[in-house]
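Enquirer: Sequence:
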Amino acid sequence: MKYKAGDKVRVRKDLVVGKRYGCYPAVSKMVEKSGKIATIRTVHSDFYEIYKDVYSWTDEMFEPVEEELTAEEAIKVLADMCARECKNCELGKLVKESRYSFCSAYRREHPDKVIEILKQFKKDHEKKVVEVTQKIYCLVVDEERKIVHEEEIGNSDSCMDVLKNYCENHDGKFFSLMEFRYEVKQ
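Mind the numbering: the sequence shown is residues 352 to 537 in the numbering used here, read in order.
The hints are simulated quantities; they were obtained by calculation from the structure and are not laboratory data.
Watch out, some of these pointers could steer you wrong.
No more than 16 angstroms apart at the CA atoms, straight line, and that leaves these computed lysine to aspartate or glutamate pairs for EDC-like [unchecked claim]:
hint, residue 1, residue 2
1, K486, E534
2, K384, E414
3, K474, E419
4, K515, E502
5, K486, E502
6, K473, E534
Let the sequences and hints guide you as you build the complete structure.
Expert: Structure (structure tokens):
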């Protein structure tokens, strides 16, 4: 399922009565909501429920809603944009192309284009939440310092066991190193 409870979605404008979308057909009352914005109330294994409605909705019946900027967000994003050089600013480029003298005049005349630029700027500059996990590996190394075996382990005591097990099955001089790896969760 693509959406979670609380997500805003738009009911597709091209819904057809009786046509199956996923496992469920659209009925006339659903088609009446075409183009309207709805909020997901409950997520089931193969359908959604939306507020003020009793029908079963599927992913194929919805399209995502572009996030709207509040006035406060728009002012903050515009301030962030204006703190940078004008020559690298998308809004500044449009102002020059349109032969306006100042950004303020352009913003007054073309608020729809300005909002699109602000949305894109916000999207491009949002901070990503990065989760990192720590893993411990035991590396078995030969006397020429080549890694001949590696294995993820739970704790430092396990590294000794990995070395013992490896040496039981292989001839030569070996030693082990314990390595902590930090990986970004995908």
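Enquirer: A separate judgement is required for each hint: does it hold in the structure or not?
Expert: A quick look at each hint next to the structure:
1. K486 / E534: 8 angstroms, holds
2. K384 / E414: 13 angstroms, holds
3. K474 / E419: 12 angstroms, holds
4. K515 / E502: Between K515 and E502 the Cα gap is close to 13 angstroms, so the pair holds against 16 angstroms.
5. K486 / E502: 10 angstroms, holds
6. K473 / E534: 27 angstroms, violated
The earlier numbered hint that this structure contradicts is number 6, and it is the only one.
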